[in-house]
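Enquirer: Listed below, chain by chain, are the residues.
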Amino acid sequence: MIKISNLNKVYAGGFQALKDINLNIKKGEIFALLGPNGAGKTTLISVICGINNATDGEILINGFNIIKDYRKTRSLIGLVPQELTTDAFETVWDTVNFTRGLFGLSPNHAYIEKILKSLSLWDKKNNKLMTLSGGMKRRVLIAKALSHEPRVLFLDEPTAGVDVELRKDMWSMVRKLQESGVTIILTTHYIEEAEEMADRIGVINNGEIILVENKDLLMQKLGSKNMSIDLRASLENIPMELNKFDLKLVLEGTRLIYTYNSKNEENKISEIFDVLNILKIPFADINTNQSSLEEIFVSLVK
Amino acid sequence: MNVYAVLAIFKFEMSRMKRTIGQSVASPVISTVLYFVVFGSAIGSRITEVDGISYGAFIVPGLVMMSVLNQSIANASFGIYFPRFTGTIYEVLSAPISYIEILLGYVGAATFKALFLATLIIITAHFFVPMDIQHPYIMVLFLILTAITFSLFGFLIGIWADGFEQLQVIPLLIITPLAFLGGSFYSIKMLPPLWQKVSMLNPVVYLISGLRWSFYGKSDVSLEVSLWVIFTFLVVGILIIKYVFKKGYGFKQ
Ligand SMILES: Nc1ncnc2c1ncn2[C@@H]1O[C@H](COP(=O)(O)OP(=O)(O)O)[C@@H](O)[C@H]1O
Ligand SMILES: [Mg+2]
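If you read the protein sequences in the order shown, they are chains A and B.
All you need for the numbering used here is the position in the first sequence, starting with 1, plus 9.
All you need for the numbering used here is the position in the second sequence, starting with 1, plus 26.
Calculated from the structure, these hints are not laboratory results.
It should be emphasised that the depicted structure is a prediction, and the values quoted were computed from it without experimental measurement.
Possibly wrong hints are sitting among the right ones.
Unchecked claim - Cross-link-like lysine-lysine pairs, in silico, BS3-like; alpha carbons within 27 Å at most: (1) A/123 <-> B/37; (2) A/81 <-> B/272; (3) A/134 <-> B/44; (4) A/185 <-> A/123; (5) A/146 <-> B/44; (6) A/81 <-> B/273; (7) A/134 <-> A/123; (8) A/77 <-> B/268; (9) A/224 <-> A/36; (10) A/12 <-> A/224; (11) B/273 <-> A/28; (12) A/253 <-> A/277; (13) B/273 <-> A/12; (14) A/126 <-> A/137; (15) A/126 <-> A/146; (16) B/278 <-> A/146; (17) B/37 <-> A/146; (18) B/272 <-> A/77; (19) A/133 <-> B/44; (20) A/77 <-> A/35; (21) B/278 <-> B/268.
Next up, chain B with everything else stripped away, as it sits in the complex:
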């Protein structure tokens, strides 16, 4: 195991993130505040409670989950795409480092940042709504699994992408709509029966639901199902990455 190499990549990614720290921290905090103002106050004054949880508190897990999904993908994809774009990837490819170690460095860094921002959002939310997290360990487990899984997907996007637009296509066209329709702002049970069924095809529903269970002990789908879904995603992600690496796609000619 080339630990120094993993640390070098991790540190490199961290310093990249540090350069944009103002923006990295400000944007989730500001958007969380905005969500509370718009959804929490405006809608919350009409919908006072969902599943016995105050509306403001109800939307917190969804907000956290959306941010983890977006940040994991954005950071991991950019982290590996940029050296491909500039050509500095030659160095990583010529170093005595395995694919697992490359992954640990890039995906590890993206996961770390996503978790950091998730923490920040939970802290920000605390100023707006009273929350006590009922199952903190499950919450941490869930966030870690999600962050790793979607950082892996982000990494794949970064390998696949041929231009900066493509980096944004998947988050914009897939993740954001799925997250909005995934029960961040409403309970699936509030939908008409047909849409409830359709929603069950949306994987993000399971992620948000699982995270909400860890907060309040209540959810649209059972915790086990949610855990299975995220595990399946993780395994699928790892298998795809393994295949891509074996073939050298996106890296080597």
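In isolation and in its complexed conformation, chain A is listed as follows:
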């Protein structure tokens, strides 16, 4: 669906934000672009959408060149930007219809109504944008991006500063869009988010794509998690019954640490608790944590 070849972007000040990017995004997939702040995610999206110019390289969408055939490629794309940039005095209804017109489609009030309803914006349709909360503005930006029935949807850090409800709504909407054949590219610096949503994950750092991998594979490789179990009484050593699990005993025998990295191994967690119960080993607290993005980068660079 999207084919990026040898893309470079040097900003006017001389800063190279993208370095020789080569990336293919498949039709109908959810692709997560994972990278820390300043990695170049927004820059990459801006170049694909025509907001910024590439320094060199080529981008094809559905086989069309984004510069020569910009009308065709841009019609296919919907963009939800990272920043909450909206007009102030326009109403929700006007601004969403404005976008549809901008993308060259004839008015379709029934369709816009459907979108606004699906994003819980319908009762706000006559509100001025400046009266809306941040979460509502985010919904409006999504509605605008969907107003022209795009085949590719970019979500640039869609969950930054978003409440749980909208997050849930957003993910279910993304799933539905995927079912209808829309290709979705989202950027995030939360590994959990990429893990939760994506089919494939591309990791970007310092303007370079470090790797692109199916999510499950990547998670196996990198996404190791720790679960720590704080015990009420200390143990001398790990009981025999627990030997088949990869456990470590730390903090003078008061904490068990279980390290796992696939969904498969996650199932063993309940087994561990079963065994602990049988052995009557009481525990006070349980914590899980995941290797952070920084740790992943460290391990990637190694």
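Add chain B with the ligands to chain A, keeping to what the hints say.
Expert: Just chain B with the ligands now, with coordinates in the frame of chain A:
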């Protein structure tokens, strides 16, 4: 041609103008009335006629021209600067729309508003001085060309500006003085010979003169010269815009 996009931008600009309609309409009407009171009555009682035209009638084309210049620039520059300032320009840039279409939308809207206000001023003036416009078609042509040309310049200012002050600098420092010295309130022929020559360097002289010819068949410079001047401005404006667009200045990084 993405007609829906042009219409969308045009409509957006119109609704922006509608929000400030009271102010948009009131200010040219009030200032026209004031000009008539101050210049028409006070000065007009001393200068009764210029070029055989009553003084009140004589200043009308200049008033109309000043308003068209200011309104074209103000609206077009603000129209494109504001989305740059807020960041909503991303949408226009990512839409399947050519630069020509962007121009048609923004410049078209600014031109439309400037012409609307020009009409309003002519109607207001009618209540103060008897006027019959001798060459209405030329007048309309002249106003349209001027409004388009200066909306283009306004658009350029809006692309170039980095802050709200800069939007006002050019109208304030260039257009207003040139308009006041451009023969709105006097005939160039009334000036000493040296100042007559200097005045000929002021492009606004040609605009006001041309418009005055369409009203009364009399002018400081010939109609052809005036038309050439406005045409040249238009072409220069289009060429600059084309260059700016090609480079993506002010829009894209
Ligand atoms: N207009 C600009 N001019 C110069 N440098 C920029 C500009 N925009 C972004 N950058 C730089 O490019 C890098 C990538 O930025 P960005 O694409 O926004 O990263 P991300 O979206 O991954 O957080 C950053 O170092 C940022 O400072
Ligand atoms: Mg970003």
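Enquirer: Against the earlier hints, flag every one the structure doesn't satisfy and list their numbers going up.
Expert: none
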